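> What follows is each chain in one-letter form.
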Amino acid sequence: MTEKAVVTASKAEHQVKSGAAFLIDALKEEQVEVIFGYPGGAVLPIYDEIYRSGMNHILSRHEQGSIHAAEGYARITGKPGVVLATSGPGATNIVTGLADAMIDSIPLVVFTGQVATSIIGSDAFQEADVIGITTPITKHNYQVRKPEDLPRIIKEAFYIASSGRPGPVLIDIPKDVAILDGKVEGEPVMDLPGYQPNTQPNYLQIRKLVEAVSSSKKPVILAGAGILHAKASEHLLQYAEQQGIPVVHTLLGLGGFPADHPLFIGMGGMHGIYAANMALSTCDLLINIGARFDDRLTGNLAAFAPNAKVAHIDIDPAEIGKNVPTKIPVVGCAKEALEQLVAQDGKKPELTEWIKTLQDWKQEFPFVYDRESETLKPQRVIELLHEKTAGDAIVVTDVGQHQMWAAQYFGFTKPDAWVTSGGLGTMGFCIPAAVGAQIANPDATVLAIVGDGGFQMTSQELAVMAELNLPVKIIIVNNHALGMVRQWQTDFYEERYSHSKFDYQPDFIKLANAYGIPAFKVDNEADASAKIDEALAIKGPVLIDFDVEAEENVYPMVAPGKGLHEMVGVKL
Amino acid sequence: MKKGILTLTVNNRPGVLNRITNLFTKRNYNIESISVGQSEQENISRITVVVHVEDENVIEQMTKQLNKQIDVLKVTDISNQSIVARELALIKVLASSQTRTEIYSLIEPFRGSVIDVSKDSLTIQITGESDKVEAFIELLKPYGIKELARTGTAAFPRGTQKQSVVKSFTIV
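Residue numbers (the UniProt record's numbering), protein chains in the order written: chain A, 1 to 572; chain B, 1 to 172.
No lab work stands behind these hints: they were computed from the structure. Being a predicted model, the structure only gives us computed values, none of them experimental. Here a beta-carbon is modelled for each residue, glycine too, at the ideal position from N, C-alpha and C. Check each hint, because a few of them may be wrong.
[To be verified] The calculated lysine-lysine pairs, modelled on BS3-like cross-linking and capped at a C-alpha distance of 25 Å, are:
#, chain 1, residue 1, chain 2, residue 2
1, A, K322, B, K68
2, B, K119, A, K79
3, A, K521, A, K388
[What the hints assert, rightly or not] Counterexamples of contact, computed for chain A against chain B with all Cβ distances above 10 Å:
#, residue
4, L44
5, G54
6, P306
7, I538
Could you build the full structure based on these sequences and the hints that come with them?
Have a look at this one:
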């Protein structure tokens, strides 16, 4: 505790409580609505306090389920998801989720139990060096040594997780710290002299950008997830319309700009649309707002945006210039930057010809698949889901082919309706993340679009959906294979299908039924349409196992090592 | 390859050094030397990191990534500044009665000092910039170095800077 804290506290009453009680009270103070967790030996004192306080807690069936659910919750609400796991295996089971949240900038506050301070380092039962393990995959982490430190640490953790570039913060709590009493005087005061996130962009850089836009002939905005984190969708729309600049989205940015808007070119990157990748390849001014120039977006860096002056607006200064040399760096929050840009109201560039070129590309090279096919095409399933929900749904996906098809064919028109594991590419993400998304927004239609591979990684979380009667619509895009792996083996490994096809699979219908979840199997378009209607009418979880064309591949594609302009499969 | 020197002030808390070295591993940067110790302020340590990098962008990226660490208070890239930098080395070198005088004659111009003597060896302490320490070690090698310990560089900017060499970052 700092000297300052002691001074401000001098008049306030002091409190004596157990570490666990401090923890629960601090969570209430942060207005936490729900904890996603799984109990165990080292967190028993905390669970006892949850029991007493009546705090809302969702019991997953595996700690990985807890943390992905918290990620889904955080992505939809924008508030930090809260996770509680026990020491040792409980903590190591959340490692994947931490790495996922770190790379996709998802705010989380994660509590892990730890063995008592007296036996830390002795290889005690269920001991793991959680701080050591999680340091590279958290924004920050703490090991609490005294109960009275908890209120301050928790306050700091929520602030760090949700401010600046969001991310996961982990708090490791030894069992004795949870049990023992501590004495705290007054309100906790944060002590973070090394953490001052800057949200306000530099005016001179904004002016440079305004001038660059005015004199550009082929500008394009690349909008990333930073738009969604900053809740800046409306500002982006306003700015793009004011200056008439076309918009390309990253995978994670989808929904930040309405897909049905004439200025929307589409998603860029490895499986992006031709027009978007050509826009990036031929533009003279690239305005990146809240994207981190991930390699799946840029393709071969040497060939990326070769003629463009690059402007980059990012809240994380380290992202600027990391992968792509940047002429106009703007450190700050996307929302504040866009507000300033709109207020500048710079001279609008003349872009008629540029827009026409992009529109022509868009028309000539849309996403395509064989619509005459006898078999059920996975792309058609996505289109049907969009039609049947009128696009008014939260789409949660896993990782792989179905994820790309969902991104290509769903046509997102609203922010915060898209939950996917982008940076880490975590299979098994979908089912638990859908739990969290549905809890975040109980009235929304949540579509959990998942492959048959990823579904089997975390299908145990069906129990949570059934128990809480969460009306998630689980859509298995079943091609009896790890489709994306199989696709790469087709294209780059001369069809040597090493362990990418499932010769044995459980009966997903029976599996769902075992959890008390109604389920349908569908293998043709007529049934697909009818069963989606039926599923949407059910007021509870439901699963549809779509037996889709097994050989279908995701196109177009920028092969690894190629430039964005070298797309293959743009036409049937 | 270019030599870079970063100086950091950090909270003196458990695990902070691990955070720093971890970051270098995570970002695929190689540390040439690292030295840590208390700074002039209580509870604040100073870390000096010497790196070899391809180009200046890598040092800028390192600086920014280090700055994101919550426990890092300040990072300064002093690669292009006028600095004071010192390293200390302890060298135990074989010294027979025939070579002993010869070795003593090397110590003098390098301003080293003999801090331990045994029947067949001398232990020499030398301080200075890394290049000097390096040169001295090279000179001693033919005699047979039994043990060598180096502290790594400790450094900070000189009290007075020549204006032209202060590196200005593009990001404000």
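> Now, for every hint given, state plainly whether the structure supports it.
To see whether the hints hold, each was checked on the structure:
Annotation: proposed proximity of K322/A to K68/B holds, straight-line Cα distance about 14 Å (limit 25 Å). Distance hint between K119/B and K79/A is unfulfilled; the C-alpha atoms sit about 71 Å from each other, more than 25 Å. Taking the CA atoms of K521/A and K388/A, the gap is about 18 Å. The hint holds against a cut of 25 Å. Every C-beta of chain B lies more than 10 Å from that of L44/A, the closest at about 26 Å, which supports listing it as non-interface.
The beta carbon of G54/A sits about 33 Å from the closest Cβ of chain B, which is more than 10 Å, so the claim that it is off the interface holds. Here P306/A stays apart from chain B, with its beta-carbon at least about 19 Å from theirs, past the 10 Å limit. The beta carbon of I538/A sits about 46 Å from the closest Cβ of chain B, which is more than 10 Å, so the claim that it is off the interface holds.
Violated hint: 2 only; the structure is consistent with all others.
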